[in-house]
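Student: Listed below are the residues making up each chain.
Protein chains: 4
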Amino acid sequence: MPKYIPQRAPMGWNSYDYYDTNVTEAEVLANAEFMAKHLKPFGWEYVVVDIQWYAYDTASMRDRFQYIPFGINEMDEFGRLLPCPDKFPSSVSGKGFQPLADKIHALGLKFGIHVMRGIPRLAAHHHMPICGTDETADMVADPASVSEWNPDMYGVRNTPAGQAYYDSVLRLYAQWGVDFIKVDDICVTGFHPHRNYGRRHEVEMLSSAIEKCGRDIVLSLSPGPAAVEESWHYSRYANMWRITDDFWDNWDTLLHMFDRCEKWQDHVSRGSYPDCDMLPLGKVGKHFDQERDTLFTKEEQKTMMTLWCIFGSPLMLGAEMTKLDAWTLSLLQNEELLRLENGSFISRQVLRDAEKCVWASVDPKTGEIYVALFNFKDRAQQISLPYAHCAAMFPAGHFPEKMPPMREIWSGQAYKTNTDTVCGSVPPHGALLLHSAKF
Amino acid sequence: MPKYIPQRAPMGWNSYDYYDTNVTEAEVLANAEFMAKHLKPFGWEYVVVDIQWYAYDTASMRDRFQYIPFGINEMDEFGRLLPCPDKFPSSVSGKGFQPLADKIHALGLKFGIHVMRGIPRLAAHHHMPICGTDETADMVADPASVSEWNPDMYGVRNTPAGQAYYDSVLRLYAQWGVDFIKVDDICVTGFHPHRNYGRRHEVEMLSSAIEKCGRDIVLSLSPGPAAVEESWHYSRYANMWRITDDFWDNWDTLLHMFDRCEKWQDHVSRGSYPDCDMLPLGKVGKHFDQERDTLFTKEEQKTMMTLWCIFGSPLMLGAEMTKLDAWTLSLLQNEELLRLENGSFISRQVLRDAEKCVWASVDPKTGEIYVALFNFKDRAQQISLPYAHCAAMFPAGHFPEKMPPMREIWSGQAYKTNTDTVCGSVPPHGALLLHSAKF
Amino acid sequence: MPKYIPQRAPMGWNSYDYYDTNVTEAEVLANAEFMAKHLKPFGWEYVVVDIQWYAYDTASMRDRFQYIPFGINEMDEFGRLLPCPDKFPSSVSGKGFQPLADKIHALGLKFGIHVMRGIPRLAAHHHMPICGTDETADMVADPASVSEWNPDMYGVRNTPAGQAYYDSVLRLYAQWGVDFIKVDDICVTGFHPHRNYGRRHEVEMLSSAIEKCGRDIVLSLSPGPAAVEESWHYSRYANMWRITDDFWDNWDTLLHMFDRCEKWQDHVSRGSYPDCDMLPLGKVGKHFDQERDTLFTKEEQKTMMTLWCIFGSPLMLGAEMTKLDAWTLSLLQNEELLRLENGSFISRQVLRDAEKCVWASVDPKTGEIYVALFNFKDRAQQISLPYAHCAAMFPAGHFPEKMPPMREIWSGQAYKTNTDTVCGSVPPHGALLLHSAKF
Amino acid sequence: MPKYIPQRAPMGWNSYDYYDTNVTEAEVLANAEFMAKHLKPFGWEYVVVDIQWYAYDTASMRDRFQYIPFGINEMDEFGRLLPCPDKFPSSVSGKGFQPLADKIHALGLKFGIHVMRGIPRLAAHHHMPICGTDETADMVADPASVSEWNPDMYGVRNTPAGQAYYDSVLRLYAQWGVDFIKVDDICVTGFHPHRNYGRRHEVEMLSSAIEKCGRDIVLSLSPGPAAVEESWHYSRYANMWRITDDFWDNWDTLLHMFDRCEKWQDHVSRGSYPDCDMLPLGKVGKHFDQERDTLFTKEEQKTMMTLWCIFGSPLMLGAEMTKLDAWTLSLLQNEELLRLENGSFISRQVLRDAEKCVWASVDPKTGEIYVALFNFKDRAQQISLPYAHCAAMFPAGHFPEKMPPMREIWSGQAYKTNTDTVCGSVPPHGALLLHSAKF
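Going down the list, the protein sequences come from chains U, V, W and Y.
Each residue of the first sequence is one higher than the one before, counting from 298 in this note's numbering.
Each residue of the second sequence is one higher than the one before, counting from 298 in this note's numbering.
Each residue of the third sequence is one higher than the one before, counting from 298 in this note's numbering.
Each residue of the fourth sequence is one higher than the one before, counting from 298 in this note's numbering.
Same shape as in the complex, but just chain U (with noise of 0.2 Å):
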């Protein structure tokens, strides 16, 4: 009866950051077979088509938008999207995407879809049906609630034929063999600044479909920054929330990241992973504009890296995969890091100030622990602090009383532990991260 419980922290790739809203089925397999290839031990399992697979001619007009308004999607009788098939060829006879689901499984991944929050609008227009039921989708349509950016949807209203449409959708999604559902215009809705959450209902909605339609089907909500008052709520029916606006290659912006990540330490646990958003690495930006190599320095790729894994967040790829090089690849195979992702740690930020911050992470049940430090200035700087003060973060009993052995993961180089104090030399933008080296 309650929410499907990943039990690890979803890690997977998805189209958005390379693709924009014009991947195609070829490009996605394209993808998923690196993925099975390289990636999969790793932990990475999720293949995620992002938005507008059901829109047409979706770059037509990129100049002017990013989403056409008022454009043609493709529909069943029912007002429920199917892919385009323009660019997922199979998905034709009314197939939907269970023949790319069908290969991707295959593989021995997972797959993913990027949905809208509501209820076509052409849908509520045209007074479609309600599939089950005698409701026509006028009355399951909410006028008022339209997203800020897609010109897409309507909210859909809490009543039953609101819920049948939602069951419906899940239904079909199941059927085609949908994994992992990322929700747009959900998580906050930026028309409604003084109720940013105004929509929680169709969160509930979603789960209730979810768990209906028989299939454990992750749920993600999007975009952020979500509301750290409502954060019981999005525990208790989604699996993953963005608790950030877009996150892009800047670094202004990965350092907002630790002031969400400070905010949200208490509310990660196995099943519920705030999500700190896509991974910008490697080649980007394809169909946004022109591919290009992400703007991070090496040593903010290792920041980010360390701050999504010891926070406990998703990792999403943003990355053209089969572009990747050798260094990228490195940090995505890292099995000492990505072990912070199993969902058994539990994280929390040390410090912070404006020059630098620390987190510690333990598994309480066995005592492994990880500590960070991070450096947030221009040059490269020493940081220290009483070991003691780490172990203070957590309940008694739970962090070793006593520093282990550690060592530091992307040096591989023990640490040197003969006093009480953690500290390390950190380069300008970049972090360390130690390890009990026991593990």
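To be clear, the hints were calculated from the coordinates, so they are not data collected in a lab.
Warning: the hint list may mix true and false statements.
For identical chains, the list gives no copy identity; a pair is met inside one copy or between any two copies.
[Claimed, not checked] Straight line, CA to CA, 25 Å or less: simulated DSS-like cross-link-like pairs of lysine-lysine:
| # | residue 1 | residue 2 |
| --- | --- | --- |
| 1 | 713 | 400 |
| 2 | 699 | 300 |
| 3 | 674 | 595 |
| 4 | 653 | 300 |
| 5 | 713 | 300 |
| 6 | 699 | 509 |
| 7 | 337 | 595 |
| 8 | 713 | 337 |
| 9 | 620 | 334 |
| 10 | 674 | 699 |
Use these hints to put chains V, W and Y onto chain U, whose structure you have.
Tutor: The following block gives chains V, W and Y in isolation, referenced to the frame of chain U:
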């Protein structure tokens, strides 16, 4: 080239308070005939058909919706709304409101209509052409700009084609003989609390369309409360703008109007009339629930009339006029009161606290003055203040230095003036209005 | 090194609701004796002297000021406040609160005091020395950090000398035998609405000072509503923090508490007790105006006690205990209710709408459960929900899958359990509290 | 009885931008002598001593505090601040500012001082008497009303004794010969973001005290940004009020001023001068850090002077005058520019977007006009608009219908007028100012 300047504050009748969305041609005419006979000599002249004149079946779902979502509206091939023939039978065969406007003009009155900001949603979804251009509505409509409360329209983009749409609409209105438009969802837009006046470009577009249409049309903006920070913009482009939320017959709301009038007192001038909203007098409410008498006491009604007039608000009667009783009618035929609406007076709040308020008004060309004393308490009180405090609110030379002989207009009694003090005993929730007697 | 962890939610008595600023030593002792005799066996143990114990003539200007501006306070040479001997005669000759604390300890109880955040204003203006340093108060006091409502103090700067001041104060309290401090003007500071928790460094300084003072002292923060975004910080450094404005005996305020408890439900744990504020039961209000009975009905009192207990709030009685009637006393001696305060239960809101609310609670180690049904309506109603909805709020395995035998604690009657539905007929504004019967 | 009406916008010099808290009598006099000789003929007349003239040792802790907390101030027995004799030697023996004011008057200039809203904190803590009453300062001072940034004062309560305090202060100023007071921490008070103008009763009290003191004293309010919603109140009681935060020589801040001027454009009239703050020209900053030249380019300086003048702001020079270079001096001696400050012009923003802005101004009695073109871009641009758009901003009859012959004042060149278009090529960040040539 500047906006049309109505020389005095517009006075008239509006169908909303009594008829909600359902007024018919016959009912409009019956009220117009009453106005022509009984009120026209006192300055009342506008007859305004309020919201949903283009919609079918407007009362059919009143228990669930005031405005039927995704309902059927009458529209021409250019996405311009037309009167619904069920309610306005003379409008058939493309004649629109012209026959009705003709009859109202024949009574010596002026004709006004309500209109929602924007372009009909279906025009956008159906890619209908914009009259006189080769563009279509989907490029003009902004899919993210909807009303919080009415489901009919999308906002218009600030582009040449957008302007062409508004131009085409105003040409049609001018051809019908419309003298007044009350544009709704534009003065403030609840969807954007951080930029309440976020659609001010649509006000500019409407103003420009009026200028080009070749007819003097009053531009009235709703709903309120208008943003005082944008006062200069309202003043430049519109004739009236609502300074409050919807006003109904409730003492607390009336009390709150004193706060709004304080803030707007320096923004009233010939052609620019901040608007305190309609007067819920006599019989109201029939199509909301059932016909009822105003909930205001007689003293509260005098307070309302006194404040609206001394502030200089437009006066739009909400009552069903054919059912007015003699006492209410006398309020509307008080020449000495309504003289304040002639566009020549400058008015200032002299003092206000939790228990009372005093306003003063002067025609600077003649020295004619009014002083109003308002009692907010639930029992009678004596209100008094130095006459000089009234004069001090005005530029030197505007207000007579010595108190002239005065009379109280509600009682008609002369006011004793052998002191330097203005004072009077004011009934609970009531008002006295003193007027320099020689006029 | 971590903060002191009180194993169960603090329960006690506070002088404010009855005595305002004026409680005396004799009155405190009379209440302590009553508690020792009648309430101690049920878990009540803290006796807390509330605000202004250091001030002279506190009641002398009650018609104008609750806190006399720039009044006379008892202080030592290091700017540390001392009890006013007029009210606490045993405190003379530098003994401070030690004699009173000794007597309360002798009764088997614990002793608490209220304290305003900061350093006395006069200490700053007179450049008084900080004990154990060579700095003076003018360098430690922040002239821009004042309370909105109390005139006595300046906030303390985040500097070593500032820490030294707080250390010196806590050393004094530890020497007196203080077990509990209620620090005021710190949980939120009204002066800074955009950064309500702007003085969180003073919480850290107080926490550090407690740690150093060598005594287990509960740290309680006021006033509320605490900022949910900062929940992690309150949890790390304090034991209790007010989640509401001052709570009094008014139904609307009680109703609002359900909203606050919803938001804070995931933040209750052993040692961290979000605080619903004092219980205005029995006789209250004497020194505010005049002694009066609580305005709550008996059903509302049961609702309050049920909510505070199932949520896990501390319980601080506001009544004059020596005047408690038998019925009120029975509320405070209900073992089956107060068992919820033992620090072992995890509680969740199961549902809430405008008419009703349901909470469930479980001790995950034993499977012992409670379910509370609250009726917000002005007349009785039947409340029912599937038992499975309660279980679904908890991690798998925590809450028993099948409903155990239960009894309703206010009536003492067994509850029929042959269905999958929890239901009951709940009086107006009342509550039922079901408890698994075997315990 | 109404407030004093300065017939033209006040122009003068203020010590702050160069001297911070440390200006001395000799420095003030040197600047006054320069003004008398070089600037007085162009309308510059006020010499204003800015903040902390009453404080000792003001520069002694400049690395830590701009205003020394709990420092030593010169004060009389009635809690009225007096000049610090260290900085103003002629003030000894109770003569206050009278000797300095006399010298400035002798130069044909006027004398102004800065003053913090309120009563000194120590006066309250020491219960000092209020001159002419039997009340003491502790009853007049409001302990919760402090400045966010200056530690010296408490706000004054709205009581007869509070008024008596302000009356006593203004009597002293009148006796000294003060012509101008810049009252600080009053126009907005940062402590109360939800009621920024929360101390408006103190403005009324100051206005009343000025009226009673028998001397024409300009009332200037700081800091900004003033609340546009309260424009009527500033207009009624003050002569100048800051519409911005502290203004310094930074392009972004200058750009932002166009936004502020847009909002305040309808609130400029004879006697009421919304204030864009001091002009950071020439040499500034000496006592903040070190003497430096303004960071504005010459074009930016012309933009600033053009905007301040066409908007109608007061002009208060921040430069050390004795060090003015010839070019800067020429800005301050431009008669054709400064003519806009004579209190006869009405000005309106004609258009503004992200790249440019146009203002127009007219003396409605004579038809004399100015048009300013501003270029926000980093490179030169051609700006053009129909002349009729300027005229449309004004009431009919105010602005000439046909473009008169014009000349551009910064270049002195005649402007070609054989079209209906106003246009010009404007340098980066620069301005053109066209003036009807016959004047």
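Student: If a hint holds in the structure, say so; if it doesn't, say that too.
Tutor: Going through the hints against the structure:
Proximity of residue 713 to residue 400 under the C-alpha cut-off of 25 Å is found in neither arrangement, the shortest distances being 49 Å within a copy and 53 Å between copies. When the C-alpha separation of residue 699 and residue 300 is checked against a cutoff of 25 Å, the pair qualifies only between copies, where the shortest distance is 18 Å, while the shortest distance within a copy is 38 Å. With identical chains, the CA atoms of residue 674 and residue 595 are at most 25 Å apart within one copy only, with a shortest distance of 15 Å there and 36 Å across copies. Within a single copy, residue 653 and residue 300 get their C-alpha atoms only as close as 37 Å, which misses the 25 Å cut-off; across copies the closest is 24 Å, which meets it.
In this homomeric assembly, residue 713 and residue 300 never come within 25 Å of each other (Cα to Cα): the closest approach is 44 Å inside a single copy and 29 Å across copies. Taking identical chains as interchangeable, the C-alpha atoms of residue 699 and residue 509 lie at most 25 Å apart only when they sit on different chains, with a minimum of 21 Å there against 49 Å within one chain. Only within a single protomer do residue 337 and residue 595 lie at most 25 Å apart by alpha-carbon distance; the minimum there is 23 Å, versus 62 Å between protomers. In this homomeric assembly, residue 713 and residue 337 never come within 25 Å of each other (Cα to Cα): the closest approach is 34 Å inside a single copy and 52 Å across copies.
Taking the closest pair of Cα atoms, residue 620 and residue 334 come within 25 Å of each other only inside a single copy of the chain (14 Å); across copies the shortest separation is 74 Å, beyond that limit. In this assembly of identical chains, the alpha carbons of residue 674 and residue 699 never lie at most 25 Å apart, being 30 Å within a copy and 56 Å across copies at closest.
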